[in-house]
Structure formats: C-alpha cells, structure tokens
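Colleague: Sequence:
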Amino acid sequence: MALSFLVFLQLLEEQQGLFSQIFTLSSLVLFFSVLFLLKHNGALSSKKSNNPPPSPPKIPIIGNLHQLGTLAHQSFRDMSHKYGPLMLLHMGQFPTLIVSSPEMATEIMKNQDPDFANRPFTTAAKAFLHGRLDIGFAPYGEYWRQVRKICVHELLSIQRVQSFRFVREEEVGALIKKISSSCSRGDVINLSEILPTISNNIVSRCTFGGKYEGSHENRFGQLSRQAMKLMGAFCFADFFPSLGWLDFFTGLTGKLKRTSQELDSFFDKVIDEHLLPKSKNHSQQEDKEDLIDILLLAQKDNSNLSRDSIKALIMDMFVGGSDTTATTMEWAMAELIKNPKLMKKAQDEVRRVIGKKSKIEEDDINQMDYLRCIIKETLRLHSPLPTLVPRQSFNKSTKVQGYDIPPNTRVFINAWAIHRDSKLWDNAEEFRPERFINNPIDFRGQEFHYIPFGSGRRVCPAISFGLASLEFVLANLLYWFDWELPSGENRDELDMSEALGLTVTKKIPLHVVPTLKNIFYCTSHHNIKKKLSNKIINTIYKFIKGIISVLMQPSHARMAPSLLVFLQLLEAQQVSFLQIFILSILVLFFSVFFLLKLHGAWSSKKSNNPPPSPPKIPIIGNLHQLGTLPHRSFRDMSHKYGPLMLLHMGQFQTLIVSSPEMATEIMKNQDLVFANRPFTAAAKAFLYGCIDIGFAPYGEYWRQVRKICVLELLSIKRVQSFRFVREEEVTVLIQKISSSCSRGDVINLSEMLLTVSNNIVSRCALGAKYEGAHENRFGELSRQAMKLMGAFSFADFFPSLRWMDVVTGLSGRLKRVSQELDTFLDQVIDEHLLPKSKNHNQQEDKEDLIDILLLAQKDNTNLARDNIKAIILDMFVGGSDTTATTIEWAMAELIKNPKLMKKAQDEVRRVIGKKSKVDEDDINQMDYLRCIVKESLRLHAPIPTLVPRESSKSTKIEEEFRPERFINNPIDFRGQEFQFIPFGSGRRGCPGVSFGLAVLEFVIANLLYWFDWELPSGTNRDELDMTEAFGLTVNKKIPLHVVPTFHSAS
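Under the UniProt record's numbering, the letters of the sequence shown match residues 1 to 1050, in that order.
Hints may contain errors.
[Unchecked claim] In the DSBU-like style, the derived pairs of lysine-lysine whose C-alpha atoms are separated by at most 30 Å in a straight line are: (1) LYS255 <-> LYS126; (2) LYS903 <-> LYS149; (3) LYS149 <-> LYS396; (4) LYS126 <-> LYS110; (5) LYS110 <-> LYS399; (6) LYS717 <-> LYS846; (7) LYS288 <-> LYS211; (8) LYS934 <-> LYS1036; (9) LYS82 <-> LYS423; (10) LYS736 <-> LYS915; (11) LYS211 <-> LYS269; (12) LYS507 <-> LYS423; (13) LYS915 <-> LYS769; (14) LYS1036 <-> LYS288; (15) LYS506 <-> LYS82; (16) LYS914 <-> LYS736; (17) LYS376 <-> LYS345; (18) LYS126 <-> LYS229; (19) LYS177 <-> LYS507; (20) LYS899 <-> LYS1036; (21) LYS110 <-> LYS423; (22) LYS126 <-> LYS269; (23) LYS903 <-> LYS914; (24) LYS269 <-> LYS255; (25) LYS357 <-> LYS1037.
Please keep in mind that the hints were generated in silico from the structure rather than gathered at the bench.
Whole structure, please, built from the sequences with the hints as guidance.
Modeller: This is the structure:
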C-alpha cells in the first residue's frame, strides 16, 4: 500500500490528473488518520512511564502541538511557569523534553551529556546534508567524533579563522563603500538585507574561495536562501513518520528534492574546480586556501571523509555560520539605535581606540571591551537559535532528576527563557551591556545561565569563526557612521517583534539612515593639556628615535638591540632631560661627521661587480630594513635580490646567503676564504679577546684548539663518558614533573628545559651544578652573559662610535659581568688543581672538561688559563641555550600535532616496553624520534642565520612540521648536504654536534615515554603561539606552559 501511495503521489506531483485524484487522496487521508489515531493512542498507553516529568494535557495524534504559537520558545517559556523547568511535551508521535533552567540544562548538557548527545532526524537535514553526514545534525558516534575533530583542528581553529582575515577586511571594505554611497544621497537603507549579504559573502569566500555572484552563478545565492527557508519549514515526517507521505501532497518533498539536487550539482562543480591543478602563484599563497581545499587535503588521511561528507560540512557552514551571524548583527544594531546613549558609548569607545587611522584592524578589537559586552548582551536577549539545536536521547530509557525519560526523547534547551529569567538576570528584559563589564562569563557554555552557542559535546564548534565576523562588522558600522531612523519614526516605537524561521530574526526589517562620520575629531582638553606639558620631551624623543632607532635592529649573525631599552625609558620619561639633550647633540654631531667620512670611504672602495643589494641610506646602510627577526627579513629580501645578496650593516659589508648552492660555494668550495669570524665586543669581553674556538680568528691557534676540542673534549667516547650525568639530571627532571602531575599543575616546560640543559653542561664542564646558596650566582652570571652576547653594540657596526657603548652603559655591564665570571672560573680551576683522592683518580669517567683541558695544557704551551676559561664559556654559549631551545620547539610542535605526538610516543614506548627507565642505547632503535629532532632543527634552527629558509614551490609543505620527510632519508647533521645545515658546515662547523644531540634525544625520549601532554584548560592546540623571539638563539616568544599526565609503563 505504501508503494502504491508513493507512485500515486508522484503522479499527482507531476500534475497527471487533478480533481478525481485529490478527492481520492482526501478520502484516504481521512481513513488513515482515524486508523492512526486508534493505533497511536494504544501505543502511547502501552509505553507510559512510571514517573514522567510534568506535562500539560495533550490531545490524540498531535499531542501538544496545538499549544504552540508562532514563536515556540515563548510558548515553552509560558508553559514552564506552570509545569516547571523540566517539562515533557508530545510533538506528534515524539516525546519532547523542554528544559528551561540552568540547573536542568546542566543536567542535560553536562552531567548526562553522553545520554543526550544524539540529534533527532529531520527530513530537511537528510535531504540537504546527504543523510546527515555533517557535524551539526550527524548522529552521535565514531563518525561524528572524527568529523568534529577535523572541524575543530583544521576548519575552525583560531589559526584558520585568522587566515581568513583578508576576506573579512575586503568584504567589510566593500560594505562601507556601499553604505557611504547611500550617505551622499541621503537614502534609507535596509540593514536587514545588507547584513545577510555580507555574512553570506564572507562565508562563501572562506568556504569556496569566491562569492559566486555572477549572472548565472548567483543561482547559488537563491538556492542557499531556499534551503535555509526549507530547513525551517513544517514537515509531517518530522512529527508523524507514518504520515510522511503527506509531505508529497503539500509539495515539500518536491521542493526539498529539487533544491537539494541543484545544490548538489553546484557543490560538485565547485569541488571539481578545486581538484584542477593550480597555478604556482596560488600554491604559494597558503592563506588563500579555502575550506574545501582543507577538506580535500584532510580526505587523503581519512577514508570516512567522502565527497558527500565534504558537501554536507560545507552546507553546515552556511546553515550555522551565515544566517546566525547576520541575525545577531541585526539585533545588535536595532538595540543600539533604540538606545542612543548606548550607541554613543559604543561609538566613543571604537573611535577612541582607532583614533585617526584610515581603517580598523582586527587587532584593535581586543581593546574594545564595551563592544564585546554589546555582543554578549545581544546574544543573551536575542539568541539566534532560542532553543538551540535539538538533542535526542538514545534508544533506551533514562532518568533526569528522578523523572523517567522515554527512549528517543527529543530535547529542546530553551536558552531564550534562561537568558530572560528575572531570577538570574537583573532587569532581564532590558538591553544592558553593562551587566557584562568585568564579568568573566564567556560564550563557551561553562556557565549554564548563558549558553547562546550551547554546551557539552554538541556545543557549536564555529564560535571563533562567527565572532570574528560579528565583532569586525559591528566595529566598522559604529566607527564610520552615525545612525538614525527614517524621518517620522520614533526610536521608542521601533518594532522589536520576532519572526521564527531557521533563526529568530526581526519581524520588521531594520530600515535606517546612515550618516558618514568625520572621524578626525578633536582630542579632549585633558589630552591637549597633557601633550603641551610634554611637548619638549616628545619632540626630542621623536628626533632621537628617527636618527638612531634604525641602529637598534639586529643584523646578520649579530646582536639584538640594547638601545631600545634607552628609548623605552625615554618613552616612559624615566630618564632626565639633561641625558636626553646630551645624547641628542652627540648623535646629531657624529651623524653628520660620520656621514661625510663614510660616504668617502664607500665611494673609494666600490667594487666593479658587487652582488645584488637593496638600496641603502648613509651611515646605517641597510640596518633600517631589518625587522625584529632578521632571518625572516633576509629571506624576504632574498626573494627580490637573489640567494647571494650584499647588505651594509653600518660600516661593514655583509653577505647574505639564502640557497644551498650559494652555501656550498661559501662553506665548501671557498671555505678557506670565508673561514674567519667577525669581531664582536661581547665575544672580546667574555671570551678573553676571542681565544675560544667558536669566535677565534681562523689560523694556527684556532686549528690547535679545535683539535683539542674534537679529539679530547667532544669526541664520541667523551660524550659517552658523560652518560651518567645525563641520566641523573633527566631523572631529577622526571621526578620534578611527576610531582606536578599528582597535583595537576600547569608547568613552564620552557623554564624546566633550560634548567636541565644548563645543569648537564655545568656538570660536564665544571664537575658540579653550582646551585648552592652563594654558588647560584654562576647561574645568574651565565644568563646575563648570554643576554649581553645578544645585545646591540655600536662597536660591532660603527667602530668609530664604540664610545657610544659607554654612554648606553653596555661597556660597563660587559666589564662587570665578565669580571665576575672570570673570578668564578678562576675559583673552579683552582679547585680542580687541588690534590684529589685516590678514589677520584681511578674513576676516569668522572673527569670533567676542565680536568681534560688542564691535562692537555701540559702538552700545549698555547693553552693558557684564559684559553681554558674561554673554551669552557663556549660550552655554555653553544651547548646549553641551543639544546634547550630545540627541545622546546620539538615539544611545542608535537603538542600542536597530536597525531605526530602519538606516533612518537608509540615508538618510544614500544622500544622501552615495561622497563623501569629509558637507556641511551634504546634511542638507536627510535628512528621516528630522530626524524623529529631533524625536523625541529630544520624548521626551528636555533641560530637561524646559518640557514634562512627559502620558499619552494609549496610554501605550505616547507613550513609544515613533518618528521616523515626524514624517514629513509640519509641526510644528517654533519653539513655534507647543504640544504640541511643546522650546525653549519666546513671548517667552522659546530664541533659539539654529538654532545648536543646526546642531550637532545635523551631528554625528548624521556618526556615522551613518561608523560602524556596537554595544554592548560581552555587553550586549543591550534591556538598555541609559535611566534619566534630573537636573541642569542631564536626561541619561543611565549613560554610553553603544559599539563603533564604520568604514563604508567605497566
């Protein structure tokens, strides 16, 4: 009978027959309705639970549907006043739980979240989302978990949302231009129409890479609007599955089929376009990737991600990311126009933050606290989805607060009622953004009296995506325009009625008259007075900064700025006027003098055929072209001027090498020509006139010292002899982290790694950690020395102006710290020269590096005490900070990439098995661990100016952390392959490679074996800041804070 009915209805849909068919169908509907009434009443009676939640009276067949008005959320709220915050209704054939309080919401979305994590079936979702293969409507299970993981980590991460910043800026720019043209004509504009357009355009460009607004392509806009309308339409099958055939009669089935087929064809066309080969230019612009690109890439690693899954997820973006955002903007603007005082307060904040800039930048919004309060208040009073997306229990009975809940019960969380509950909110029906000032509540669903995006497992994953558009559009509307209602309309009479659809919008569209605001308004009297009082100091500040700030930038293989400290003090007015005046006169005088002298020198030394070079300016040369991260500036300039580029750093010509071929030429073919080291003031101070190995001039002395280091200090055998040091120090580290695990502490891993690295180097070099009460001064001195090694020195760039280091105080600090270090090292050497016990002499493996150097001194007259001290300091400069930095980057990359973390941990734990500790011999079997170390050194070389990364055909692959690139790849650290030279190559290659790697591999292996690692609560892996900070080495700008969990070997 059902099959014959379907055939009949299809004929009816195709208009084959009319009156007789309709009459026949009417009779059949009447017959089956009576039959269904009897059957349904019997079913309900037999399934009646013992203790159901309170419920209003229902009538046969339709249950409580007749009690709902045009705005269901308001009806639910009204009924809950009588029947309580947990109320059972019957929507056709389905029991439906209505939740109207934070306590009951907590029970459903937190305490019993797994029991209510499913989604109810809807015909429209099945049609448009390919059988619910999306994330929003997919049934709860393994597939949903996999797809949600892709969405959270790949599609909708903070990093991905920020990558679409250019889309928001361009679309909002077009919006402002469009409204501005209306201002000049004094037009009334329909803001309710304009806002969905910009929201759709942003989502479309982020998703597809284009707006598809052409003459024939605009069909997509019509289709998406039809789909959203049909998603909110009444469907018999959703309430009466047995009467689903009636949807054929109403025409809904035909509309769903037709629209979904057209959308499917459109999506297929777009996906096919994305699969076509792309141009080089496109491939190099990673930030231009759209969501389809990302999903197609993810599809390669996930067999469950079919083409239909991709289309369903894309449709989700429009269902959840477009209409809801536009609706919230519309309500926010309506409330502000209705409340002019709040509008002025919001505009004053936005315009104060932006000042006289020509545009708003997204970073500015972080300073707009009141704007964010407005958004929170709008979402409280006008939740786009007032009952959220419905949930459903599973096919079993459950209990909530003692009430029996039938199987497959649908659940509506009435966020609208909770947000307007006068017991929870003062003046709940009033629009008051001030209620969120200094209120830590956010959108994440942790506070159940404020849940505009839901909570628990089924919380909206696209919060960051929606908020980014919401905040940026509103900030621009408030900044650029003043807003009025059309002539004759009163603000108090603005209709704020709701209309129910897929979202709850304004029933009456918002028509307004914008006026372009003159942003360049006067500052307050207070600010003018403050500026006048500081006029002299500000003028001098700008003058000094204009002349010498360019000198503060770090240069190739040199130091970060210390003069910045002076300017910061000046900016904070913590230096005297006399000091400012004297420095201003000195800088002016010597700048003019040096300009004349240097110009003559450069003119006389001009070569016939120099390498390509960017334009330079007198005195400073190219220093002004370097940013805070010189290696990146070098890379960017090399794109224009080539892989061999000549810069001028003050008085010195500097060659920048940015390709393997040119590196081969410098470090291999002409290694002898370029084997020297440049002079630096810090190296001269700390390394006794550069008589170490790292900074010593190339010559006979350097060859002798390097021979001692390679054969005696840093040989494989010697590195192995310090195995006990590494084992003991790493054990201390593991114990320290384990104690944090038991307390659930967040630990600063960056700090711990530096400590263990310093301790290992200290024990190997000095024989002890020197961490006692008074001896800990060495730790402070070594840190100060490393900081000063990276400080800006005039002498390093302008030898004629070296006296300026006295003015800035650098010379004094270098002298003071170097003298203290010298005294300390003398004391340590004297201790080593004291007679030792027999027991100590018999344990050769307990010898430290000072012992070895003192022994070598007997056979080498060139190895004086100062030489020994210089070489020992080399160990700290080259062996401590670089090792800790590499471990820090490796752990950060693994934590950011959980699949790689798991792969590494699986290998380490498989090799170790159930042993009580990690042995260094085990590391020889950990091939993937070594790939991780190599990849960390490739992507985060501690001293990056050895190997600036160069863009290849695919910037994405090059910048991605992929240890797999080194599997079965014979390339090593020795500098024989010039595309991978983290330790340099040739004569001046680092001699301490084996020493550093031994520490590096052993520490990482233990961290992976003993612990699982998570970021602190509330921090997303995709939000992990990987910004670099330039110093003696390039480390993470933001320390790595993590939460370790002890992993039991058993």
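Colleague: Evaluate each hint against the coordinates.
Modeller: Quick rundown of the hints versus the structure:
1. LYS255 <-> LYS126: Within the cut-off at roughly 13 Å; holds.
2. LYS903 <-> LYS149: Holds, at roughly 17 Å.
3. LYS149 <-> LYS396: Holds: LYS149 and LYS396 sit about 27 Å apart, inside 30 Å.
4. LYS126 <-> LYS110: Answer holds: LYS126 to LYS110 is near 28 Å, not above 30 Å.
5. LYS110 <-> LYS399: With Cα atoms ~14 Å apart, LYS110 and LYS399 stay inside 30 Å; holds.
6. LYS717 <-> LYS846: Between LYS717 and LYS846 the Cα gap is close to 13 Å, so the pair holds against 30 Å.
7. LYS288 <-> LYS211: Status holds; Cα separation ~14 Å.
8. LYS934 <-> LYS1036: Holds: LYS934 and LYS1036 sit about 18 Å apart, inside 30 Å.
9. LYS82 <-> LYS423: holds, 16 Å
10. LYS736 <-> LYS915: Cα-Cα ~20 Å, so holds.
11. LYS211 <-> LYS269: holds, 14 Å
12. LYS507 <-> LYS423: Roughly 28 Å between the alpha carbons, so the hint for LYS507 and LYS423 holds.
13. LYS915 <-> LYS769: holds, 29 Å
14. LYS1036 <-> LYS288: holds, 26 Å
15. LYS506 <-> LYS82: holds, 28 Å
16. LYS914 <-> LYS736: holds, 21 Å
17. LYS376 <-> LYS345: holds, 16 Å
18. LYS126 <-> LYS229: holds, 15 Å
19. LYS177 <-> LYS507: holds, 27 Å
20. LYS899 <-> LYS1036: Answer holds: LYS899 to LYS1036 is near 22 Å, not above 30 Å.
21. LYS110 <-> LYS423: holds, 22 Å
22. LYS126 <-> LYS269: Holds - the C-alpha atoms of LYS269 and LYS126 are around 21 Å apart, at most 30 Å.
23. LYS903 <-> LYS914: Roughly 18 Å separates the two Cα atoms, so the pair holds.
24. LYS269 <-> LYS255: holds, 21 Å
25. LYS357 <-> LYS1037: With Cα atoms ~28 Å apart, LYS357 and LYS1037 stay inside 30 Å; holds.
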